[in-house]
Structure formats: structure tokens, C-alpha cells
Amino acid sequence: MKYGPTVIMEDLTFQVGKGEIFVIMGGSGSGKSTLLKHLIGLKAPAKGSILFEGEDIIRADQETRKGILRRIGVLYQNGALWSGLTLAENVALPLEEYTELDTRSIGEVVSLKLALVGLRGFEAFYPAQISGGMRKRAALARATALDPDVLFFDEPSSGLDPITASRLDDLILQLRDSFGTTIVMVSHDLASIFKIADRALFLDIREKTMTGVGTPASLRDTPPSDEVGRFMRRSSESGPSRDPGASLEPRAQSSPDRGGAK
Amino acid sequence: MTSRTLAVRWKAETLIVELGGDWKLARTIPRFGSLLEDDAQRSAPRAVEFDATALGSWDSSLLTFLQQAMIHCEAHDLEFRQGDLPEAIVRLLDLAMAVPEQDMDDAAGGVSLPSAMGTRGIAAWDGFMAAITFLGEVTDSFLRLGLLRLRMRWRDFWVVVQSNSSGALPIVTLISFLVGMIIAFLGAVVLRRFGAGYFVSYLVGYGMLREMAALMTGIIMAGRTGAAFAAELGSMKTTEEIDAYRTLGISPIDHLVVPRILGLLVTMPLLTIYAGFVGILGGMVVAMMVLDLTATQFTGGLLQAVTLPDALLGVFKGTVFGLIIGLAGCMKGMQTGGDARAVGKAATSAVVLGITLIIAANAVIDWLAVVLGI
Numbered sequence: 001m002k003y004g005p006t007v008i009m010e011d012l013t014f015q016v017g018k019g020e021i022f023v024i025m026g027g028s029g030s031g032k033s034t035l036l037k038h039l040i041g042l043k044a045p046a047k048g049s050i051l052f053e054g055e056d057i058i059r060a061d062q063e064t065r066k067g068i069l070r071r072i073g074v075l076y077q078n079g080a081l082w083s084g085l086t087l088a089e090n091v092a093l094p095l096e097e098y099t100e101l102d103t104r105s106i107g108e109v110v111s112l113k114l115a116l117v118g119l120r121g122f123e124a125f126y127p128a129q130i131s132g133g134m135r136k137r138a139a140l141a142r143a144t145a146l147d148p149d150v151l152f153f154d155e156p157s158s159g160l161d162p163i164t165a166s167r168l169d170d171l172i173l174q175l176r177d178s179f180g181t182t183i184v185m186v187s188h189d190l191a192s193i194f195k196i197a198d199r200a201l202f203l204d205i206r207e208k209t210m211t212g213v214g215t216p217a218s219l220r221d222t223p224p225s226d227e228v229g230r231f232m233r234r235s236s237e238s239g240p241s242r243d244p245g246a247s248l249e250p251r252a253q254s255s256p257d258r259g260g261a262k
Numbered sequence: 001m002t003s004r005t006l007a008v009r010w011k012a013e014t015l016i017v018e019l020g021g022d023w024k025l026a027r028t029i030p031r032f033g034s035l036l037e038d039d040a041q042r043s044a045p046r047a048v049e050f051d052a053t054a055l056g057s058w059d060s061s062l063l064t065f066l067q068q069a070m071i072h073c074e075a076h077d078l079e080f081r082q083g084d085l086p087e088a089i090v091r092l093l094d095l096a097m098a099v100p101e102q103d104m105d106d107a108a109g110g111v112s113l114p115s116a117m118g119t120r121g122i123a124a125w126d127g128f129m130a131a132i133t134f135l136g137e138v139t140d141s142f143l144r145l146g147l148l149r150l151r152m153r154w155r156d157f158w159v160v161v162q163s164n165s166s167g168a169l170p171i172v173t174l175i176s177f178l179v180g181m182i183i184a185f186l187g188a189v190v191l192r193r194f195g196a197g198y199f200v201s202y203l204v205g206y207g208m209l210r211e212m213a214a215l216m217t218g219i220i221m222a223g224r225t226g227a228a229f230a231a232e233l234g235s236m237k238t239t240e241e242i243d244a245y246r247t248l249g250i251s252p253i254d255h256l257v258v259p260r261i262l263g264l265l266v267t268m269p270l271l272t273i274y275a276g277f278v279g280i281l282g283g284m285v286v287a288m289m290v291l292d293l294t295a296t297q298f299t300g301g302l303l304q305a306v307t308l309p310d311a312l313l314g315v316f317k318g319t320v321f322g323l324i325i326g327l328a329g330c331m332k333g334m335q336t337g338g339d340a341r342a343v344g345k346a347a348t349s350a351v352v353l354g355i356t357l358i359i360a361a362n363a364v365i366d367w368l369a370v371v372l373g374i
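Listed in order, the protein sequences are those of chains A and B.
Start counting the first sequence at 1; every next residue gets the next number (our numbering).
Start counting the second sequence at 1; every next residue gets the next number (our numbering).
Honestly, the hints are just simulated from the structure, not real lab data.
Hints are supplied without guarantee of correctness; some may be wrong.
Partial list, derived from the structure: chain B residues whose beta carbon lies under 7 Å from chain A [unchecked claim]:
1) D59
2) S60
3) L63
4) R193
Here a beta-carbon is modelled for each residue, glycine too, at the ideal position from N, C-alpha and C.
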């Protein structure tokens with residue numbers, strides 16, 4: 001993985017299972033967001049490949065690539081809502097592009113998606129007219145518009161207050177448990193990682209590679225490197241969790257109800 | 001994938017809705033209301049219940065259908081029974097139907113005429129006050145600059161001077177040359193009828209130096225530099241760079257606005273003089289080609305008729321227009337809203353405001369010149 005001419009990460013090999021919540025962790029500047037850009041096909045790796053159900057996302061022909069992109073959703077760090085469109089138009093655009101739903105049905109799906117993120121009645125608002133937390137939720141509604149199989153999140157809790165961030169975590173869990181959506185998330189928010197992650201990967205900026213993959217608890221209790229240990233212990237050293245009601249213990253690996261979806 | 005099925009049956013006064021097969025977004029979502037219309041021979045049900053025994057995979061299309069059903073039941077006072085809907089669907093429906101955390105009805109609803117007029121009036125007043133405040137801050141900064149008590153980044157000033165001098169020359173040259181030609185063509189057609197073609201040099205010189213050089217340069221620079229100022233400062237506003245100045249106790253006017261306006265105040269008179277000469281050159285080319293005048297005849301006529309005050313009036317206008325462009329561009333930039341669209345809006349309104357004020361100022365200066373006999 002390169003940033004300009006500089007190699008920032010090497011030998012990255014990992015798999016994400018269906019219905020899994022997988023977190024990419026690492027310190028600032030370790031290349032987490034760059035790795036995410038590779039995973040969603042915005043950047044090509046210097047060497048190697050990124051496979052989505054066996055298809056190379058970078059080298060796939062245009063039709064296959066569009067099919068893959070139809071099945072993924074991305075929540076960018078700042079939401080990246082289109083400022084010239086209302087929230088309803090933001091959510092409707094992927095539906096108009098990829099489905100043959102009539103205008104009325106699209107309107108209803110849009111209302112549902114906004115209602116699911118607690119933004120019922122905000123359809124006519126522009127992104128500039130709502131708060132940062134609401135923008136992030138609206139962006140989540142847009143990312144889930146097409147019921148994607150895989151959702152990518154870039155630092156979902158950044159810029160949010162602890163309560164809003166905790167609610168967003170609940171929403172992410174709800175999405176996975178209800179729709180069976182696979183979640184790949186870039187984060188260094190340990191409270192969030194311990195609350196929702198099934199497995200996590202650590203990018204070590206000094207080693208220029210990944211130095212650990214496992215459950216958050218295993219990475220904390222038996223860290224594969226000093227750097228991972230320091231990173232995972234940071235929350236207990238720096239004070240209480242952001243959410244007094246949330247446990248720092250990892251959640252159960254089984255998801256209670258994924259039966260109906262997908 | 002099995003195809004979606006939807007059927008109804010009655011159990012006493014309860015309508016049982018049978019959901020089957022795979023529900024996918026790519027297809028049209030059925031209307032819940034039409035289920036009841038199809039069964040119009042029966043009296044209205046008291047309750048609606050769902051049978052999901054044959055349901056396969058599902059996505060938002062089923063949720064949307066169920067949401068329709070919930071809204072219909074609520075509107076017609078019917079009992080909504082979940083039946084054996086999967087737990088995940090029930091949880092999502094509960095989430096979707098939860099009361100929003102904020103009541104924004106007032107903001108989302110219609111607005112009465114008096115309310116709209118009041119809002120516009122308040123916005124206009126706020127805009128006026130913001131403009132006065134901005135002018136006051138700029139005046140204060142320039143006064144401190146005059147008293148050598150202002151700390152400003154002179155590098156920014158030189159960047160503005162550079163981009164508005166050599167950077168603007170090609171477009172100013174082209175437009176001024178063409179305007180000079182247009183005036184000369186106009187003069188050639190009209191003056192030749194009276195046998196006074198020789199006086200075309202008077203028309204070109206007088207028109208360019210007194211009016212058109214400053215006016216056209218002002219309009220060009222309003223579109224080029226005024227918009228750039230608004231966009232630059234607007235982007236800085238959206239990324240909170242201007243707030244960062246303020247929170248450090250540093251005046252953004254001193255650091256961002258003064259160098260820009262000062263740069264324009266220096267370059268605009270120079271560009272006006274340059275535009276005047278280029279325009280006269282354009283007029284001379286037409287006079288030589290259309291009226292068969294020589295360069296000597298043209299310049300001789302020009303020097304006889306056009307005086308230094310004419311040229312100085314043009315330079316004065318250029319300076320005033322520079323001030324207007326700088327103020328309009330910087331003010332619109334500093335008043336930008338918080339998103340990308342607002343930056344574009346700021347740039348557009350900076351150009352519109354700049355050109356409008358330039359033309360208005362031109363009229364006022366011309367009127368004063370007549371009154372003062374210049």
C-alpha cells in the first residue's frame with residue numbers, strides 16, 4: 001500500500017467473514033483510512049489484490065465492478081452528504097440509479113431509511129441545516145439505501161458526542177443483526193471497538209504491516225506486540241468508557257437473529 | 001430466489017396478510033391499501049395480522065410495505081398485529097415508527113406570507129448590519145495600517161499584486177483592445193456621415209480613458225478576482241480556519257482582508273492605465289483600416305482633445321472600483337455559510353454585488369465630474 005511514492009504498509013492479508021463486524025485499528029497516520037480506500041476500490045494496491053467474493057474489485061470489468069459497488073455501502077468520516085441535495089434526495093439517488101422502483105416507492109423507502117436512523121420528518125432538510133450527528137446518521141441512511149451486503153465505516157464516531165456515538169454503535173449492531181450486513185470499520189475508538197467488533201486488525205506504523213488480528217479481548221489480554229498492547233490498554237489508562245452504560249467486554253460472537261435477511 | 005407472494009384471507013373480522021417468497025428492492029413495492037380495495041365486498045376489518053410462514057429472504061421492500069400497513073392501520077383505527085413476523089423485522093419497524101427526537105414541524109411546514117416577509121426583512125436587516133460591521137472592521141484595520149500599527153502578512157499582499165497584475169494582463173489586453181475597436185467602429189460609422197471621421201481619435205481616447213478602461217477592467221476583475229476572494233475566504237470559513245484566527249485573538253480582517261484589498265488598490269489603477277492605452281491602440285487600428293487615417297493624424301487628434309484630467313478621472317475610477325471589488329469579494333467570503341454550496345453562492349453574489357456597485361459608482365462619479373466641471 002503506497003501513499004504517493006512512499007510505501008506505508010506491506011504484507012496485508014486478511015479475510016472478513018459474512019455478517020462479521022471487523023475493525024481496522026491503528027494509531028493516527030497508520031494508513032487505516034487509506035486501507036479503507038483500497039477496500040472500497042477508490043485506490044489500487046501497489047501489489048496484490050482485493051477480492052470481493054472471489055472477484056478482484058480493482059481489475060474486474062466495469063459491469064462486474066458496478067455489480068460489486070451495488071452491494072457495498074460506505075459511510076465517510078464527515079458523512080460526505082451532497083450539500084446541494086436534500087436528505088431525501090441524498091438517500092434516493094442510489095435507489096434511482098440502481099433499482100427500477102417507481103417514484104412513490106422510492107419516496108417510501110427513503111422515508112423508511114431516514115426513520116430507521118431517527119430522522120423521520122427531515123426529508124426536506126439540506127445537510128447544512130442539521131447537526132453533525134444527524135448528518136452522520138443521514139449518511140448512514142444513504143449508505144444503507146440499497147441494503148448493501150457490506151458496509152464500510154470510516155471513523156463513525158469521530159466528531160460525535162459519547163451518547164450519539166453510542167447510539168450509532170447500537171444502530172450498527174442493529175443493522176448487522178437484522179440484515180446480516182457485513183461491517184468493516186476503521187476506528188481507534190476503543191469503547192466502540194469493544195462494544196461492537198467481532199474481530200479487529202491492528203496496523204503498526206513502525207512495522208509497516210499488520211501486527212495482530214483477533215477479537216478485541218484477545219488483542220488486549222494477549223497482545224501480539226507491545227504496540228498492540230499499549231493501544232488496547234489505553235482506554236483503561238485514560239479513564240472510564242465514553243458510555244457509562246456500555247460494557248467494555250466484547251459482545252457475544254453469535255448474532256441472535258440473522259435468519260430472515262439475505 | 002423464489003418469487004414474492006402476497007395474499008389475504010379473513011379470520012372473523014381480522015384480515016390475515018400472507019407474506020411469501022423473497023422480497024427484493026429491485027421490484028415494485030405493492031400497495032397495502034389496494035389489498036383492502038380488492039376485497040371491497042367485505043366490511044372493513046378490525047385488525048390486520050401477518051402470516052410470514054412462507055416468507056423467504058427480505059430487505060427494505062418488505063419493511064416499506066409493512067410501514068405502509070402500520071400507517072394505514074393508524075389512520076383507519078385498525079389494530080396492527082405482528083403475527084409471526086421475524087423478530088428482526090419487528091425491531092426495525094419499532095425503530096422506524098419511533099417518535100423523532102426533535103419536533104421540526106415548524107421548520108418543515110409551510111410558511112405564511114407575513115411570516116415569509118418578516119423573515120426576509122429580518123434577513124435583509126441582518127445582512128445590512130453585517131455589511132456595516134464588516135466595513136467598520138476594514139476601516140479600523142486600514143486606519144491602523146496608516147498608523148503603522150497593523151501586523152499583516154506582506155507576502156499575501158504581494159501574491160495578490162502578482163496575480164492581479166501579470167496574471168490579469170492577457171484578459172485585460174484582449175477585452176480592452178476589442179472595446180477600443182468597437183468604439184472606433186461606432187465612431188467611424190457615425191462621424192463619417194458628418195465628414196468628421198478625423199475626430200474618431202477624440203471619441204476613442206475620451207471614451208477609453210474616462211469611461212471604458214476603468215469600467216471594463218472593473219467588470220473583468222469583479223468576475224476574476226472578486227469571485228476568487230469570496231471562494232478562498234469562503235472555503236476558509238467552512239474549514240473553520242477563520243474561526244481559528246479569531247480564537248487565537250488574531251483579526252482575520254488584518255491578515256486576510258487587508259492584504260487582498262490593498263493589493264487591488266495598487267493594481268487596479270495600473271491596470272486601468274494599461275487598459276486605456278491598449279484600447280486606444282485598438283481604436284487606432286480601426287481608424288487606420290476603415291478611415292485611412294495615419295498614426296500621426298490619430299495621435300495628433302487624440303492629444304488635442306483629451307486632457308490629463310480625463311486620464312486621471314479614469315485612474316480614480318479604477319481605484320474606487322478596486323476598493324469595491326475587494327470589499328464585495330472579501331465580505332461575501334467572510335459571510336459564507338457552512339457547506340460547499342455556500343462557497344459557490346458566495347462567489348456568485350460577490351460578482352453580482354461587485355458589478356452592480358461598480359456601475360452605480362461609475363454613474364455617481366460621472367455626475368460629480370459634470371458638477372465639478374472635470
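Hint check:
| no. | hint | in the structure |
| --- | --- | --- |
| 1 | D59 | holds (4 Å) |
| 2 | S60 | holds (5 Å) |
| 3 | L63 | holds (6 Å) |
| 4 | R193 | violated (54 Å) |
In this structure, the one hint that does not hold is number 4.
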